[in-house]
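Protein chains in written order, with my numbering: chain A, 1 to 359; chain B, 360 to 490.
These are computed hints drawn from the structure, not numbers from a lab. Careful: at least some of the hints might be erroneous.
For lysine-lysine, the following DSBU-like pairs were computed, each having C-alpha atoms within a straight-line distance of at most 30 Å [claimed, not checked]:
hint	chain 1	residue 1	chain 2	residue 2
1	B	Lys-423	A	Lys-51
2	A	Lys-241	A	Lys-313
3	A	Lys-51	B	Lys-426
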Amino acid sequence: MPERIVVPFGPQHPVLPEPIHIDLVLEDELVVDAVPSIGYIHRGLEQLVQKREYPEYVYVAERICGICSFMHALCYCQGIEHIMGTEVPDRSRYLRTIWSEYSRLHSHLLWLGLFADGMGFENLFMRSWQLRERVLDVSEDTTGGRIIQSTCKVGGVRRDIGQEMLDKMHRDLDIFEEECRDLGNVFLNDETVKYRLKGLGVISKEEAYALGSAGPTLRGSGVASDQRETGYAAYGELGYKAVVETAGDCYARCAVRVRELYSSIDIIRRAIEGMPEGPIDVKVRGTPDGEYFSRVEQPRGEVVHYLLGNGTKHLARARIRTPTLANVPALVKMLPGAQLADVPIVVLSIDPCISCTER
Amino acid sequence: MGLFEMTRTVLRNLAGGPATRRYPAVPARTSPITRGHVVFDPATCRSCGICSKRCPCVAIRLDKEEKVWEIDRMRCIACGDCVESCPFGSLAMEQEYLPPTVEHVVDSYTITYVKPERPAKKPAEEGTTDA
Chain A
1 MPERIVVPFG
11 PQHPVLPEPI
21 HIDLVLEDEL
31 VVDAVPSIGY
41 IHRGLEQLVQ
51 KREYPEYVYV
61 AERICGICSF
71 MHALCYCQGI
81 EHIMGTEVPD
91 RSRYLRTIWS
101 EYSRLHSHLL
111 WLGLFADGMG
121 FENLFMRSWQ
131 LRERVLDVSE
141 DTTGGRIIQS
151 TCKVGGVRRD
161 IGQEMLDKMH
171 RDLDIFEEEC
181 RDLGNVFLND
191 ETVKYRLKGL
201 GVISKEEAYA
211 LGSAGPTLRG
221 SGVASDQRET
231 GYAAYGELGY
241 KAVVETAGDC
251 YARCAVRVRE
261 LYSSIDIIRR
271 AIEGMPEGPI
281 DVKVRGTPDG
291 EYFSRVEQPR
301 GEVVHYLLGN
311 GTKHLARARI
321 RTPTLANVPA
331 LVKMLPGAQL
341 ADVPIVVLSI
351 DPCISCTER
Chain B
360 MGLFEMTRTV
370 LRNLAGGPAT
380 RRYPAVPART
390 SPITRGHVVF
400 DPATCRSCGI
410 CSKRCPCVAI
420 RLDKEEKVWE
430 IDRMRCIACG
440 DCVESCPFGS
450 LAMEQEYLPP
460 TVEHVVDSYT
470 ITYVKPERPA
480 KKPAEEGTTD
490 A
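Extracted from the complex, chain A is given alone in its bound form (with noise of 0.2 Å):
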């Protein structure tokens, strides 16, 4: 029997922009365990909810991701509006769907990028962040953030998008959709990029399931779980369909994100469609009394705001559940069984957000 060493990955490594440590335990080149350790960037940004205003901390979650912002905004403006019983414009709600799809698409396009970049196919990693940036131009013409949007609030949203702009969109989805599938074309029918990925990393549906995991890493797995389908924010008006895959490896996960590229687009299209016209925002009146646990698709798997308000204007107790923290029990039973140089890119496939996981 080959003699075991332990090789730390981690917290800083070329393929991880965030800082998560895995130490590995190897028998030659092979992962017989995997030992996570997290926690080198918490910020107590869940404390923060007892010193800031129930509105003035929606720029303050939105500040818990610097990709999924848009849907940290989102989930915790649900929650206390259900805990207020306060009724959102349509208008709101499809622009909220609108920028969360926004979000998606820029946030797995990214993380196209950094696969590809992960896999040593440098040329795809360009490809993928050209495209990402058409995304951010149109958040920024939107919301005038690139990235933290500020657009959601408490009851609404802050800003409004014109029809010119709206039908400009419209239009620039198609020359984007085409391009999507050209870029979706080479990480599902290339070769190379399939020879890297089939097989690897692979965590069965019952697993997958019983270690909780969440979105796309779920997904992958064969487990139809996509809180969309609950018909949050104009979701239950446009309808979702969870995009599915049933290998459970790392091709397979990639597959549901670039599937999800598409059906992003899908909806973004039928939502500019569908656009009422009305108010953007109501008036909010009062404190949040009560609790809520608010639920969310992000990017990588469902978020969760528990929202405790105890009649002032500060809540008293808030609690994020975010993805990438139930995705790392799967994580870990996915390592074993690969080799050293696939580590990277075992690690990548689940999307690790390191700054939500600790918030």
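Knowing the structure of chain A, use the given hints to seat chain B on it.
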């Protein structure tokens, strides 16, 4: 066929120019609503303090006695909440991002707003104070 899926993207990369620009030599792309940085107009501020109360990151400090309005540029997250909430239009959002710096930047302004003269009140009303 699968082997050559990437050829098209490689060729496109070779043919196309760079997607990036030479910032800061070439200015960054902005839109009319880009949230770059907050500007303050000391001539119209009436020291109501709503901006400093609402700021989610405690970047704005207002000293009503000294008539000083300060913004900590390192804390400001350019969310635009102060701009929206200012009832007198003293705050505005500019498109340009501030240049990177290695020193802590706190911009301090002296409020120059002068309350216009009002007609004198009746002596009876002036006398009714809690003290």
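To see whether the hints hold, each was checked on the structure:
1. Lys-423/B to Lys-51/A: holds, 23 Å
2. Lys-241/A to Lys-313/A: violated, 38 Å
3. Lys-51/A to Lys-426/B: Answer holds: Lys-51/A to Lys-426/B is near 26 Å, not above 30 Å.
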